[in-house]
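Participant: From the two separate chains plus the hints, produce the assembled complex.
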Amino acid sequence: MQTAIPDATKRRIKITVNGHEYDREVDVSTLLVYFLRRDFGLTGAHVGCDTSSCGACTVLIDGRSAKACTMLAVQAAGHSLTTVEGLAAEDGTLHPLQIGFWQAHGLQCGFCTPGMLMSALDLLTEIPKPNDAEIRKAIAGNICRCTGYKNIVKAIAHAAAAMQSDVKQGDAT
Amino acid sequence: MSKARDAGPWVGRPLPRREDLRFITGRGEYVDDREFPNAIHVVPVVSPYAHATIVRIDAARALQFPGVIAVLTAADLLPEIEPVKAGIPEPNCNIASFPLARDKVRYFGEPVAAVLANTPEAAEHARHLVEIEYEPLEPVLDPEKAIEPSSPIVHENVSTNLAWRKVFRYGDVAGAFAGADRIVKRRLHLHRFTSAPLETRQAVVSYNRRTGVFDIFSNLQNPERYRARIAASLGISADKLHFECPDIGGGFGVKLHLLWAMLLCVVARRYGRSAKFIEDRTGHLTASHHGNEVLYDAEMAVLADGTILGVRTRAIHDEGAYLEREPKGTVNQLRHATLTYTFRNFEVDFLAVMTNKCPTGPNRAYGKVQQVFLIERLIDEAARELQLDPIEMRKRNLVQPDQMPYETPTGAIYDGGDYPELMARICKMYDFNEFRARQAAALKEGRYLGVGIAVGLEAAPSNNSIQQLIDPSDRRSSDSEAALVRIGLDGRIFVAVGSVPQGQGHETTLSQIVADEMAVHPDQVDVTVGYDSLRDPSTPYSGTHASRFAVMAGSAVIGACAELRTKMKNIVAHLLETSADEVVLSDGGLTLRDGSKAISFSELARISNLDLARLPDNTQAGLEERYVFYPSFGQPNDSFSGNFSMTYAYGATVVEVAVDVQTGRVRPERIVTMHDCGTQLNPLIVEGQIHGAIAHQLGAALLERIEYDEDGRLTTSNFKDYLTLTAADVPDYECDHIETPSLVTPLGARGGGEGSGTPLVAVINAVANALAPLNVVLVEGHVSPHNVWTLAQSARVPTYA
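Sequence lines, in order, name chains W and A. Residues in the first sequence are numbered consecutively from 1430, following the working numbering. Residues in the second sequence are numbered consecutively from 302, following the working numbering.
Just chain A, with the same shape it has in the complex (with noise of 0.2 Å):
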């Protein structure tokens, strides 16, 4: 093997991940992997109502059943948990969420009972006799008509189904929308959606007597955002919590089962067992939680020539039946609401409105699919009135790069970045003058091609002070991650983080990093598997969401290993007889500058840790640093203007779409993208996580809509009616990228996991592209062949008889 390929430096290169190994010999270990003897079985009893009052619970013929240890309802948990109030102020932050239904059901799914078995299939049986008399009330599902004075209260103690309303004003809206050429209005509707990871939402709890420590072994992406809740509600040291979480069949957002581990622990605590949840499909469509659905109406005001003076919109969202996140999904949009283009002047009325719906939160490009879905969709229609081509539309608007550091009126901080030559490359990637004479030549044949782009930006990682917006009493600011890194006796080096991986390649990614860091080769680094709280360190923002990691954990890590560096320099220093100036770091050891005198990771390991005599004075035994690195935001301004992000990722897609107008079916025929995340650090695994986000928003555009009827019933409880995409659903996808390294990251990385929530939009952009020729209106985000046909018919297209 040659000597460059065993060398450094190791970011950068498309390294395999060194997590593969088990995962393709079956040897990977997920929550039900794990044998828990003699635990108890814990499954839900839900609601068959959208919303209804619980009259009576009979558990009789339930306990009778072999196996059943009991049952348990709302009334059972609540001397031992604390209902989770909603962030948002008072008096609305009453809407509280607790893990079974109170009085009353508010959406249908939800639980209300929980059956606790010796086996799973005993818990199963069991939860089918269970008796619950309701009292069925008027379902509450349209958030436009929940808000008229009419309309049946979801939560009575707040006596409204307006849980939230603020309006955010940047600039001169006013001016901008008097001195228009024209103003575009459209109403423009995001359709709730589930990324629904393969592996549901699972939990193990287990109480140990002796020690009083609770230990959850769970699939949670964030469990340390939960520990001082978990332990307030249960009336314990934050330190009784143990949380490990194993390998996770994918999180994207929706692994956040706080309820449920909550539950877990009374269950555990109570019985002196292991208390077990698995989350079976059903389930975790109808009750986990759903992605945010927006109905906006809104308004762009743009001059004849394509340049757009400002945009102002009213962004209802529809949040279902709790707050147990949102309505943080809101002010998420705000991160970088004008996107890449230059416009000053934004203006949007949130609406958080309650309906008997399952509740939403985080789900992969949380807020960002939503405010590139309404700019970009805008910037199309704009064009299609003002006769332009929306390319040249939006080169028009675009922030130069000269103009970098780019401040937005919202106080985002864009840092650095090429949008022309994003632009640039795609239209060189996708040859859109020789589409457009495709596509006349396939209309006048009765066929409907059509082409669209989008182009986004995904901020991470998250600057917790965005929840000021929403609530300014939560006097929280910036995020924070940690990271350790050791040198064993045998000169191996040790990295844990606090990052919770669910198949993003954090051992892989962590591993070259160090072994830059430290001039090692990665093999010589070993990263913890999974996150345990007991091995790995942690701060109460560590997990892994909002693409964090390779900001967050990366930097953390560069500063636990500067920081070691430091050290071993000074004992080698120290040792030698030298200055800390002359010794350098070299193949896996520590020399003179002049190459001389080299001493092995392992032998000054001993030293530190056995031969403490001849270590330096006030220098601590052992070669281990911990690190927390935390980025220097500040906090929003009285007008709530803040940068809430650290990097700002950029990226475009383009799709090319054959829509057939009889059968109403969109087929994706070419899918480019193009995305700058700033330095690499694993090229393989960014491309990954680029496809994988692809595949999220073309499914969410072409199959994936979860759909009540008009009795609040969820209709797509399983992956029968929730059509996930499948490879024979696609084409292969085409992407490239430009490199240029963050201004403001130790690596020069900045987030990479959300695809810069374009390819959704360009998916709508290209059937609206498609079906131009009727002069039909899209207002949906979402082109099934239902809502297409129906569009078409509309348009009266002649149907085959």
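Only chain W is shown next, with the shape it has when bound in the complex (with noise of 0.2 Å):
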């Protein structure tokens, strides 16, 4: 009997992307940012430079933020992905991020934002009250150019300030 001779440049990976279970052939010098785009056509994470300075390719990965044009996408084997198109409820309803950058016009052109949002997210499960200071150093590695960044600081206190209200009410009940 013939085995086949495994194809080097390939490797099959078992992944989570936003909760659900993918098995899938990458090919290892596939970078995690291409993976999501070409692969499951998650075009929100975006690319906006050659060295990993501008964060509009930011995931979670197991909760964390990372870059996700700095790390192949067989690294992320085993792990579990959150993009900004699992952001909102299965249902549809925005989370508390996503209707702050909203209501406060946290965004212009739209490039950055998935990134700031992934950031943001990573922010407030680390700091559930950050002060104007936290939230400014956590974004310090997302650029946007748009913005002049005020109102994103200002998005991200909003849904900060939202969150904490609902884990009270959360608490009354």
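Derived by calculation from the structure, the hints in this document are not laboratory data. As the structure is a computational prediction, the values presented were derived from the model and not from experiment. Just so you know, not all the hints are guaranteed correct.
Unchecked claim - Not the full set, but computed from the structure, chain W residues with beta-carbon under 10 Å of chain A:
{"no.": "1", "residue": "Y1451"}
{"no.": "2", "residue": "G1473"}
{"no.": "3", "residue": "C1478"}
{"no.": "4", "residue": "C1483"}
{"no.": "5", "residue": "A1517"}
{"no.": "6", "residue": "C1573"}
{"no.": "7", "residue": "N1580"}
{"no.": "8", "residue": "A1591"}
Claimed, not checked - Below are the SDA-like pairs computed for lysine to any residue, each with C-alpha atoms no more than 20 Å apart in a straight line:
{"no.": "9", "chain 1": "W", "residue 1": "K1558", "chain 2": "A", "residue 2": "D1033"}
{"no.": "10", "chain 1": "A", "residue 1": "K1021", "chain 2": "W", "residue 2": "G1570"}
{"no.": "11", "chain 1": "A", "residue 1": "K1021", "chain 2": "W", "residue 2": "S1481"}
Cβ coordinates follow ideal geometry from the N, Cα and C atoms, glycine included.
Facilitator: Given below as structure tokens:
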């Protein structure tokens, strides 16, 4: 019996994306961001630079933010990814961060927004009530060329407050 | 919900944007998000030299790489693409631009060849396999040396690096300087920087062999302005070009990649496949275009009491290697040369100089930040020499409200506004007296605090006749924009315009305008998303640049709505056998003045489209109007005076800084801004524009500088070296506004996207103020730690051992 010689440039990986498990073959040289964009059609993560500086590709890996242009798709094997497309609830209910960005005009061209949202989500997981300086520090790895950041900071603060009051209401009931 | 919230007027409300849902859920669509199966991926092979002769190009190794289709050079394109001549008079217009270098390279990073491959990865690998042999030449990097006879020449076919020079003189400049108590002389340098939108320049061109149509799917911010040029170059009818722009990730004047669009058209036609170009960040920073770099030798004539009599300057624009769009940035400075002030004498000697650097071109506040930098730096320096308060000196020279509309010596006609009120209000927001006390106390402790103000204008939209200042034979004038408004059978209102949004919220703003014009809720208004030339009306001036949207597209939509209302009233009057004067629009329908006999939009649309026998005579079927708005601009006169903009928004920015003279670090402590862009269509969006303009200019002042080394190699080719502003670099901005409606626009709106050109200069004036005790002269418009530290060293500030 003849056994197939495995293709060294490909690898089969198991990966969870936005709550769903997948079993995919992936080229070992493919960056995670291109894997998400091309294989899953999740084009919310953008590429804005060549040096992992801009943060437009930020996604969550097991709940922590990471720049998806900085790692290979195979390195995400066995992990759970959340992209901006997975931020709202399945029924379309928006996350408080999404509402915050919308209400506070925290975006203009929208190109940096998915990465900003994911970095902000990481922040609010770590620090539920961040102050202005903590917010600014947390998104310092995400470049925005349109907003001047003021309304992004405001949006994240709004979301934090909304999530806090949700928690309190949750406690009360 | 209360009725008041559901009724108009809608213009003026801070409505959250209807665009945003798709962006916050990751469903925006940018060029690279659309799949083009079987596309050819095109990447450039670029020059490692600033100036060199191309000896030999050998693509053999690259062509052997799996997936590579071809490697193109200029010779392959020349039969199909016409070089783009510069917009200056003969003979120097022969400084022509071309997608790939011809015979020699003229700047570091210039595309020399294009690799075509089946995947982006193959193209990227193969571009390193193209072997190009160069014969290096001495680079031309200093624009002052470039115009000396001994300098090497960038473009031999015109035998000079001085591409264009012209003196513009307004008023009695010699008299002003003869009568001055004091003449303040300064050398000033505004460096190169770039707005660097987060999405780079991108395009996919497909060619349909059956129809002969090119589909140009791109993030060009002004595609219609290129239609005639691309068509002529390709030797095809202009109607064979179909432009589509999806969501665009920021523009700021940089998304004008005509040459790439032309190259992709050739590839698509030759291979019968889509041709795709996704610029990488390095390519964007090295070879898109940079903002105008200007070196001034300037003088201001003043009286002892601070009255400004006149300004004269030499202004050398370091244009870089090609004139794809320049020297337009020079004369753009003349839109409002005297800013908010009453002095009547101004002279500038513009020199457009070729160097071996990336070409320059439009960049947010194009020509405006350059002029504000000149005048507002000189005022602060003059105030220092005269020992006057810079605020008081400005107040003494402001145009007064009773002088409005005010005609400046260059022919600009300011469309209203209250400049003294602007100063009063910003002085209320920022307490200068309190600061001076703090500043004095800090200095005793060896800490250097400073505050700076700048007052400026932003002209919009452009009167294209300004081009005649450069080339009198270029007979263009005014500006135009098209709008189409249609009521569908379902009664919904469809709105399309020729502007190309890049994040400015056009869908939301237009829905507000139309809601008011047609007496409906904005939710009943559908505004097209992105730009599509098969769907949206346009003119050859269409696009989004120079803060023109609110004035141009806004006015065009108002014109279309007015014509549509007239038509609807005429039809209803005919149906109800009354006069059109008796018919009014109300709440999504039409009624008689007494409120009787209502007819809904959908019913009227049904009759107008389907029940045609009921229409009055000589009435076209359907409820649709197309309108082209153009301002009634004149031409410049023989002495080069003219009104080159319709509206003049104005504003002021105050910046407080703390300067660490030991490290050179400048920390902005407070940023306060006040502006008047007339009627705000949507205050939320206007504020966003102001914030963005502040950030761009703060970045340019503090961190962002395009730098070349002594061999002409760019040393800031990525975001690790070209330091864009981050959230952690700045404090909160304090913004407020005055709202005096424009005297000349239908909505009373002015342009508002450029921060009146003031934040950068406010930072520089603040640093100059902080360093005043050291008696140093600040030439640069950039206060990086290195620049400031060097200055402090020159003043022999003791450093830590």
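Participant: Please verify that hint: A1591(W), Cβ, nearest Cβ of chain A, below 10 Å or not.
Facilitator: Check failed: Cβ of A1591(W) comes no nearer than 14 Å to chain A, outside 10 Å.
Participant: Would the pair K1021(A) and G1570(W) pass a check requiring their Cα atoms to be no farther apart than 20 Å?
Facilitator: Given pair K1021(A), G1570(W) holds - Cα atoms ~11 Å apart, limit 20 Å.
Participant: Taking 10 Å as the limit, does the beta-carbon of C1483(W) come near enough to a beta-carbon in chain A?
Facilitator: 6 Å, holds
Participant: Interface hint check: A1517(W), Cβ to nearest Cβ on chain A, cutoff 10 Å. Holds or violated?
Facilitator: Interface hint status for A1517(W): holds (6 Å vs cutoff 10 Å).
Participant: Close enough to count: is the Cβ of N1580(W) nearer than 10 Å to one in chain A?
Facilitator: 6 Å, holds
Participant: May I ask you to test the interface hint for C1573(W) with respect to chain A, counting a Cβ-Cβ separation under 10 Å as satisfied?
Facilitator: Given a least distance of 7 Å, the restraint on C1573(W) holds.
Participant: Do the alpha carbons of K1558(W) and D1033(A) lie within 20 Å of each other, as the hint requires?
Facilitator: 18 Å, holds
Participant: Does the nearest C-beta of chain A fall within a distance shorter than 10 Å of the C-beta of G1473(W)?
Facilitator: With a minimum Cβ separation of about 2 Å from chain A (threshold 10 Å), the hint on G1473(W) holds.
Participant: Is the Cα-Cα distance between K1021(A) and S1481(W) 20 Å or less?
Facilitator: Given that 20 Å is the threshold and the Cα spacing comes to 9 Å, the pair holds.
Participant: With 10 Å as the cut and Cβ atoms as the points, is Y1451(W) at the interface with chain A?
Facilitator: Given a least distance of 18 Å, the restraint on Y1451(W) is violated.
Participant: Does the closest beta carbon of chain A sit nearer than 10 Å to the beta carbon of C1478(W)?
Facilitator: With a closest approach of 4 Å, the C1478(W) hint holds.
The earlier numbered hints that this structure contradicts are 1, 8.
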